[in-house]
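Participant: Sequence:
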Amino acid sequence: MARITIEDCMEQVPNRFHLVRMASIRAKQLKKGARPLLTSDENKEVVMSLREIAAGLVKPGDSAPPADALAALNSPAEMAPVEPDEVVPVTSDAASETPPPDE
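Quick note on numbering that gives the first Met the number 0: the sequence shown kicks off at 0 and runs consecutively.
No lab work stands behind these hints: they were computed from the structure.
You may find that some hints are simply not true.
In silico BS3-like links for lysine-lysine, alpha-carbon gap of 25 angstroms or less [said to hold, decoys possible]:
no., residue 1, residue 2
1, K58, K43
2, K27, K43
3, K30, K58
4, K27, K58
5, K43, K31
6, K31, K58
7, K43, K30
Label-pair ranges, simulated between beta-carbon atoms [what the hints assert, rightly or not]:
no., residue 1, residue 2, range
8, N14, L56, 17 to 23 angstroms
9, D40, N14, 27 to 33 angstroms
10, V45, N14, 15 to 21 angstroms
11, E41, T4, 18 to 24 angstroms
12, G32, E10, 26 to 32 angstroms
13, A33, P59, 15 to 21 angstroms
14, L37, M9, 16 to 22 angstroms
15, A54, F16, 19 to 25 angstroms
16, I5, K30, 17 to 23 angstroms
17, F16, E41, 24 to 30 angstroms
18, E41, R15, 25 to 31 angstroms
19, D40, F16, 25 to 31 angstroms
20, E41, H17, 25 to 31 angstroms
21, E41, N14, 26 to 32 angstroms
Note that the coordinates shown come from a computational prediction; the quantities given were computed from them, not determined experimentally.
Even glycine gets a Cβ: it sits at the ideal position worked out from N, Cα and C.
Full structure from sequences and hints, please.
Facilitator: Given below as structure tokens:
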């Protein structure tokens, strides 16, 4: 099968940064078990997502994945709650203050 290039996809999505974001989201969907929109010769998820974009099957403005799917893409470290005793108030002279000692 012929190689896929960014230029092939740029005809469908003129913004390179938007293209990368779209391909990333679609590749993660495929990795989690979403059905490919094209027949595949065992392409990796990133290649398949770029092929789908180049074919016009995934377009800018398509509906976003459900919120729970987006939450699953975030790492657990980013989602961890912050305990109130870990929060240090910020004041205008906070740079000159030393942090409280650990107990």
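Participant: Each hint should be assessed against the structure and marked as holding or not.
Facilitator: Taking the hints in turn, this is what the structure says about them:
1. K58 with K43: 20 angstroms, holds
2. K27 with K43: 11 angstroms, holds
3. K30 with K58: 19 angstroms, holds
4. K27 with K58: 16 angstroms, holds
5. K43 with K31: Holds, at roughly 13 angstroms.
6. K31 with K58: This hinted pair holds, its Cα atoms lying about 20 angstroms apart.
7. K43 with K30: 9 angstroms, holds
8. N14 with L56: 17 to 23 angstroms: 18 angstroms, holds
9. D40 with N14: 27 to 33 angstroms: Given range 27 to 33 angstroms: holds, Cβ gap about 29 angstroms.
10. V45 with N14: 15 to 21 angstroms: 18 angstroms, holds
11. E41 with T4: 18 to 24 angstroms: 20 angstroms, holds
12. G32 with E10: 26 to 32 angstroms: 29 angstroms, holds
13. A33 with P59: 15 to 21 angstroms: At roughly 18 angstroms between Cβ atoms, P59 and A33 fall inside 15 to 21 angstroms, so the hint holds.
14. L37 with M9: 16 to 22 angstroms: 19 angstroms, holds
15. A54 with F16: 19 to 25 angstroms: Cβ of A54 to Cβ of F16: about 21 angstroms, so the range 19 to 25 angstroms holds.
16. I5 with K30: 17 to 23 angstroms: At roughly 20 angstroms between Cβ atoms, K30 and I5 fall inside 17 to 23 angstroms, so the hint holds.
17. F16 with E41: 24 to 30 angstroms: 29 angstroms, holds
18. E41 with R15: 25 to 31 angstroms: Taking Cβ atoms as reference, E41 and R15 lie about 27 angstroms apart, which means the hint holds.
19. D40 with F16: 25 to 31 angstroms: 29 angstroms, holds
20. E41 with H17: 25 to 31 angstroms: For E41 and H17 the Cβ distance comes to about 28 angstroms; the hint holds.
21. E41 with N14: 26 to 32 angstroms: About 30 angstroms separates the Cβ atoms of E41 and N14, which means 26 to 32 angstroms holds.
In terms of the numbered hints stated before, the structure departs from none.
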